[in-house]
Each structure stands twice: as C-alpha cells, then as structure tokens.
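So the sequence lines, in the order shown, correspond to chains C and R.
Numbering follows the numbering used here, with no gaps: position 332 of the first sequence is 317.
So the numbering used here is basically just the index in the second sequence, starting at one, shifted up by 17.
One or more hints might be untrue.
To be verified - No farther apart than 20 Å at their CA atoms in a straight line, the calculated lysine to aspartate or glutamate pairs in the EDC-like style are these:
| hint | chain 1 | residue 1 | chain 2 | residue 2 |
| --- | --- | --- | --- | --- |
| 1 | C | K221 | C | E108 |
| 2 | R | K103 | C | D270 |
| 3 | R | K103 | C | E108 |
| 4 | C | K438 | R | E81 |
| 5 | C | K438 | R | D151 |
| 6 | R | K103 | C | D56 |
Please keep in mind that the hints were generated in silico from the structure rather than gathered at the bench.
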Amino acid sequence: MPTLLGPLRSVIGWLEVRTGFAEALTPAVTHPVPRRTASWWYVFGSATLALFALQIATGICLALVYVPAADQAYQSLQYLNDQAAFGSYLRAVHFWGSNGMVLVMTLHMLQVFLFGAYKYPRELTWIAGVLLFLCTLGMAFTGQILRWDQDAYWGLGIGASIAARAPVVGSLLVHVLLGGPIIAGRTLSRFFALHVFAIPGILIALTGLHVWLVLRLGVNEWPMPGRVVDRETYRKRYEDDVHRDGVPFFPVAARKDMVGMGVVVLAVLACAAIFGPNGPHGVPDPTITDASPRPDFYFLSLFALLALLPPWTETVILLVGMPLAIALLLALPLFAGTGEKSWRRRPIAVLSVLLVLLVVTTLAALGVMSPWSPVMDAGTALATPVAYVQGRAPLELQGALIVQNKQCRNCHSLGGEGGRRGPALDGVATRLTRDQLIRQVLQGGGNMPAYGKNLAPAEVNALVAFLETLRPANQAPARAPVTPRPVARQG
Amino acid sequence: MCANHDLPPSSAARRGFLFTLGVALSGLAAALAGIPILGYIFGPVRGRAGQAWIRVGSVETFPEGQTRLATYDNPFRVAWDGPTAKIACWVRRIDGDQFQVFAVNCAHLGCPVRWFPQSRLFMCPCHGGAYYEDGSRASGPPPRGLFEYEYEIRDGQLWVRGGQLPTLAGPV
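Based on the provided sequences and hints, a complete structural model is requested.
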C-alpha cells in the first residue's frame, strides 16, 4: 500500500500547487456548524442534491437515445424499454428519481419551515429554495410531456386549457406554450428544450446560489423556544455560539448527510428495480378517444382540485389563488423574518403545515380513486349482479338491460362495480319513490343528465320497475312524504 | 495605481470614452441578439389565426341521426408531427345538410370526450363532464357546451374550419 500512496500523494500535490482547490475549499468544507445541527433532521437538503445529480446523470444517458421529435419519440422510448442495454432500468431510475426528488425536497422545505430557518439572515436562501422547488415541479411536468404518450398529449391539453383561461393574453399563452396553434411536433421540441436546457440551467445556477448562501450564512442552529431572532444581535450570537460550541461540517455533520444521500439514492435504485419505468402509455394519437389521461403523482392533487371545485371558482383559484400562494411562499421571510424559530412557539406554522399536508394528501388520494370520472367501459365490461336478476319479472329484467345499455353504470355502481360519480343504485328504492325515480330519470338534476329525450316511455317504465326492486329484502321501500294534516286548534 | 488623475487629461478622456463605448457596444449587441431570440420564442404568436378550411369527408359517410368520429390532418402540420398531426372531431348529422361538428376536447380542460350512442351523451374521462347530443352541457364542471366547428357543404363534401386547439380563449 505505501508504495501506491506515495505516487498518489505526489499527483495530488502536483494538482494542488496548480489549482489551489484544497486550500480554497478546506475552510468551506470544515467550517464550524452548531453542534446540534449534526442531526438527521438536517439531511434532506443534501439528499435532494444527491438525487439531482442522479437525475442529471441518468438524464444525459436517456438523451443519448431519446429522439425529441413527435414522430419518433414514442418509438425511441419503446427502444429504451425493450432493446437498449439497461435502457429500461435507467428510465426507471430517472422516473423514480424525479418522484424521490419532489418528495425529499418537500421534506426539506417542511423541515426548514418548521425550524424557522428562513428567518433573518437566511431570507434569500429560502427564496432561492422556493424557486428551486418551482423549477423542480417544472421539470416534473416537462418530463411527463417528454414521455410523449396519451397522458402527455392530454396533459398538454389541460395545461393549455388552464393557460387559456387567463384574460386577454390567454390565446397568446397557448400559442407560446404549444409552439403553434395545436399540440404537435413543435410542442415536443419546445418542452424538450425546456426540460433539458433551460430549466436545468436555472436549477444549477439556483443550486449554486443556495449552497453559497448556506456556506456564507452558516447552517441554521437548532431552534430553542424563547431564543428569538433579532436583526441587531443574531449574527454575532450565531458566530459566538459556533465558535464556542461548533463542530466541523466535515466530517462531523457530513457523516449523516452522506448516509442520507446513500439511503435516498439506494431507495430510488431499489424502486426502479422493483417497479420499473413508467410508460409510455399508448401512442399520442388524439384520434384515439378512449384515452383516460392521468397525471403523475405530484399533480394528482391539482387534478382532484379541478374536478371538485365549484366551476365558477376554478378560474379565480387557478389564476389568482395559485400565483398568490406562490407569492406568499416567496414573501414569507420578508414578513416573518424575525421572532421565534422554534415550532413549539409557532402554533400557526405547525397548524398550517398540518392543514396543507392534509389537504394535499387527501386530494392526491382522491385523485388516485377519481370517483368523479365515469367508468367509461362499465356498460360493456361489467356484469349485472346475479342477485339483482334472479326471480325478476320480464319487465324488470328489461329495466336491468336498460341500466346496462344506457351506460347508467358509468356513473352509478351496482353490487360495488361501476362509476362513483352518482350514488350507488343498490338500495335506491329505499331512498326514492316510484314518482321520484321517474322524475330523476326524465329531468336529471343534481349532477345527473336528463334522459327524457333519450328514453321511450316504455323504457322508462321498465327501468323504474327494475330500480324499484333494488332494496334489501328487510327494508321497506321509500314512501312519499305525507303532508301533515293541520291539527285542530284546542279551545 | 493608475487612476485617471495620474494620467494626462487626454488619456483620462480616452479611457472614459472607451468605457462608455464598451457599455454601449455591449448593450447594442445584447439588444440585436435579443430581438431575434425573443421574436423566435414568441414567433408562434404572430398571425395566430390558426384556422383553415379542411375537408372531413363525403356527406354520405355520415348517416342521418347519428354521431360519428371523423379525423382530419392538421392543416398546419410539419413533417415530424407523427401521430399528433391527426385531429379528431365528432360529426353529428341531424338530417340532410344539417350538421353539428364538435371538437373532441372537453370545454372544461380539454380531455377527449367520448360519444355513447345508446345514452346519447358525450362523457369526459377526466373530471366527469357530460354533454347532450346537441353539445349542450349536461352535467359536471364544464363552463359551457362542447366547442362547435363552423362547417360548409361543398359538392357533397363536409368541410370544417379548424386547426387550433379549442380552448376557452380560442374556440374552434
């Protein structure tokens, strides 16, 4: 070994004399950080950086094969999946790496928020971080487009439809976004340039600024209740604390960072090995109208929100609410830059985090189930439960056929199968009387279209006869409310 | 070390002039390079009518009282558009020369609506919008009925005016 170390030392020495890297970087790498920040809570930032490096490496590899042209992108992805050596695995790593990056970055942001790290003098670090987060979401969206499948095509349609809602400049935005009047070849080239050149360039520059600021201003100390941030005293107190009771970043704090980086990258590699790449799902041919587009997980909550918002609020929430939320995030350190850092003394901060997490995860879970989407093939793919046709009169059986043939089950489930947009039809007879059933079928209402023009009177008759049988044997059918008779006045 | 006051006045003036010239030339170069770059990026906006008359097919191929999917090639296609050069529309022939031609894009957020001839409804797979056979909104989040193409019958052929992605900002 010593025989090998000697030449290595001299090579390093030779390089150091010329570059001076070690001399310049050692103070940065070994700078003192507050002792308690050598904590597992502080590893998410470096873990995000590790995943970003992994994304760059796998992204460059994918670009070696991927053809960013609308007529060949899909085939080149199939080639990556099926033929290129390790192509499928690298696609999987890039996909799971993007999921991991969004996830770990979110954890980092939550930790920074709860630890009050955005307060004086680290306001700009936070602002650069929020911009990094937005750019990462931009990478997620543009990356999803490069998959150039049905989800990508219709995802672009949704993006353009949102942009189109902007007053006055709507049409202009759509044309700039799509690179023309409609989603086509020029659109993919645009998104390729954004995903591969423009946004990564901004990401790298912002990451540089972010890390520079962390080094210059020091790692945020562990927040202690009662130790409030004051612009006059903070920096001196921080310097004193770090010099009195600091530890060198490398190797003391960096050990946990290195473990964290290793764990997240290994987790991504494992997910990629177990679950494989995502898609491409179906040729992006817009004349195939039986597509059911779904977004990747980071946009599931937005997808759910757009289905559940009352229609009249949508445009306002998209065009005013979203930019306001982003502006609020960016401006946070400007209006809350001093005061308590500890989450123990910031109940509103903790509650807002819980509220946001609850809303986002609930919406995302709803987005996965998407109960508002009709089950498009219910009429042909699902069987009518045997119990509902056994021992039924011919008229009622005709009604069962109508339920099936008129796509009622696209929105209404029967025996647990079918759409969930409308109420389940099992037990409908305990809720609605014959007259109410007829009225609902003919006129619609609530969220149901009116079928008056599409059903012959005989069909309505059969349908309602069947629906009237849909109640448990031990439960009485619905009865029309009886208007109470006026009680005779006493004395 | 060599501040301007150490130098003869003519030299100081020359340095000041060179600095001003440097700023001016760089600014001019940035502007001259920037104008075409911005023009290039925002190029798709210029003359953005995005509409042309397109032949969809013979009137005979659309039976009266039915709604059928028709496809046509994007009139503004480029050679590398691949499958995205095709565009679909729903053609409803009411009777004779009376038609309604709908964009497949849902008026809510542009997902492809599907026609169900049995229940005579268009349904959207994304957020659950539904439309009647005449394109009017039946239920769900769409703020309006389906986008409808302008159409003409020329020599027994159905022509529509289209070519741009129908949205609330620019319906077909």
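Hints versus structure:
no. : hint              : verdict
1   : C/K221 <-> C/E108 : 17 Å, holds
2   : R/K103 <-> C/D270 : 7 Å, holds
3   : R/K103 <-> C/E108 : 50 Å, violated
4   : C/K438 <-> R/E81  : 17 Å, holds
5   : C/K438 <-> R/D151 : 12 Å, holds
6   : R/K103 <-> C/D56  : 12 Å, holds
Hint 3 from the list above is the single one not met by this structure.
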